[in-house]
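**Student:** Chain residues, written in single-letter form:
Number of protein chains: 2
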Amino acid sequence: MGTSLDGFIARKKDDIAWLTEYPTLGEDHGFNAHMARVDGVIMGRGTYEVINDMQPWYYSKPVVVLSRSLTQADIPSQIADKVEVMNATPEDAMQRLGERGWKAAYVDGGTVIQSFLRAGLIDDMVISRIPVLIGEGIPLFGPLEGDLLLDHVRTRAFPSGMVQSVYRVKR
Amino acid sequence: MGTSLDGFIARKKDDIAWLTEYPTLGEDHGFNAHMARVDGVIMGRGTYEVINDMQPWYYSKPVVVLSRSLTQADIPSQIADKVEVMNATPEDAMQRLGERGWKAAYVDGGTVIQSFLRAGLIDDMVISRIPVLIGEGIPLFGPLEGDLLLDHVRTRAFPSGMVQSVYRVKR
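Protein sequences appear in the order of chains Y and D.
Heads up: the first sequence runs through residues 0 to 170, numbered per numbering that gives the first Met the number 0.
Heads up: the second sequence runs through residues 0 to 170, numbered per numbering that gives the first Met the number 0.
Hints may be right or wrong, so weigh each one.
Stated by the list, open to error - Straight-line Cα separation of at most 30 Å, DSBU-like style, residue types lysine-lysine; simulated pairs:
#1 D:Lys-60 x D:Lys-12
#2 Y:Lys-11 x D:Lys-169
#3 Y:Lys-12 x D:Lys-11
#4 D:Lys-60 x D:Lys-81
#5 Y:Lys-11 x D:Lys-12
#6 Y:Lys-12 x D:Lys-169
#7 Y:Lys-81 x Y:Lys-12
#8 Y:Lys-11 x D:Lys-11
#9 Y:Lys-60 x Y:Lys-81
Keep in mind the hints are simulated off the structure, nothing from the lab.
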């Protein structure tokens with residue numbers, strides 16, 4: 000996840016220009032390597048709508064949109080073979096995707112990340128912090144039922160000022 | 000500032016045991032070197048009360064407590080020569096302390112840090128992140144009038160899992 004230094008993944012109303020327009024000097028932050036390790040992407044409606052606005056469609060791997068309000072008919076036909084709407088809890092979604100052979104998913108978006116964290120379904124987190132304070136917005140993290148302890152795996156600072164840390168959730 | 004990975008400096012009700020009891024393996028996180036570079040500490044009433052509960056008194060350098068509700072008579076006599084209550088805005092406090100020869104202050108505590116950030120009175124930030132999500136609490140950062148851009152100076156990861164980043168506010 001890309002976040003501001005104060006922990007927001009987007010401004011209110013989903014604006015992420017502060018993130019996408021941040022000059023990263025052609026750095027490889029490992030996104031392609033990360034995508035190569037997963038079987039697909041799971042996101043919520045909010046993230047889907049932000050991504051869908053950024054033409055052309057961003058992902059080559061399968062994308063599952065967890066939503067109670069969207070239906071498959073809401074997905075534009077040119078990406079209908081890449082995007083599946085699923086009305087399911089995190090547990091049910093992982094169960095169904097596991098039955099299809101998924102071993103690892105990239106979980107994207109604040110609300111969905113928070114619900115997967117609460118369900119104990121997140122193993123690893125990659126947090127990339129942009130050196131800007133935006134003051135308010137949509138937070139990466141949210142309420143939990145109890146503390147969640149993590150192991151720090153590694154941190155890399157890039158010349159652009161982005162600091163990327165990898166954590167593993169303790170079991 | 001020590002913060003949780005989700006950006007809190009304390010739980011609600013100022014509990015910081017998750018921070019103070021985190022095992023840091025005898026690491027030197029640079030706190031003494033940091034204190035040696037400043038003329039004193041500026042904090043708010045909430046931080047003062049947390050520190051005052053941790054006997055013996057923690058700081059050898061002068062401490063200024065910015066408060067509209069406390070008075071000097073509220074400070075226990077055994078630390079009255081080390082702690083000064085000041086009913087002043089950040090700008091006024093820095094003006095008065097500058098007249099006494101202060102060149103650099105360590106500004107501590109969420110509310111005071113946020114008000115100094117908004118007043119443009121923070122030059123450098125040292126953020127030490129503990130690898131734990133606590134879900135809710137008192138946030139390090141808060142609302143701003145506009146984005147605040149920072150330069151990343153350096154980041155160090157410690158064996159304990161603490162990741163410490165130094166930033167400089169862009170002017």
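**Student:** Each hint: holds or not?
**Tutor:** Going down the list of hints, with the structure as the test:
Between the alpha carbons of D:Lys-60 and D:Lys-12 the distance comes to roughly 26 Å, so the proposed pair stays at or under 30 Å and holds. Note on Y:Lys-11 and D:Lys-169: the hinted pairing holds, with a Cα-Cα distance of about 24 Å set against a maximum of 30 Å. Between the alpha carbons of Y:Lys-12 and D:Lys-11 the distance comes to roughly 28 Å, so the proposed pair stays at or under 30 Å and holds. Annotation: proposed proximity of D:Lys-60 to D:Lys-81 holds, straight-line Cα distance about 7 Å (limit 30 Å).
Proximity of Y:Lys-11 to D:Lys-12 is assessed by CA-CA distance (about 28 Å); at most 30 Å being required, the pair is judged to hold. Distance hint between Y:Lys-12 and D:Lys-169 is fulfilled; the C-alpha atoms sit about 26 Å from each other, no more than 30 Å. Taking the CA atoms of Y:Lys-81 and Y:Lys-12, the gap is about 25 Å. The hint holds against a cut of 30 Å. A hinted pair counts as satisfied when its Cα atoms are at most 30 Å apart, and Y:Lys-11 with D:Lys-11 qualifies at roughly 25 Å.
At roughly 7 Å between alpha-carbon atoms, Y:Lys-60 and Y:Lys-81 fall within 30 Å of each other, so this suggested pair holds.
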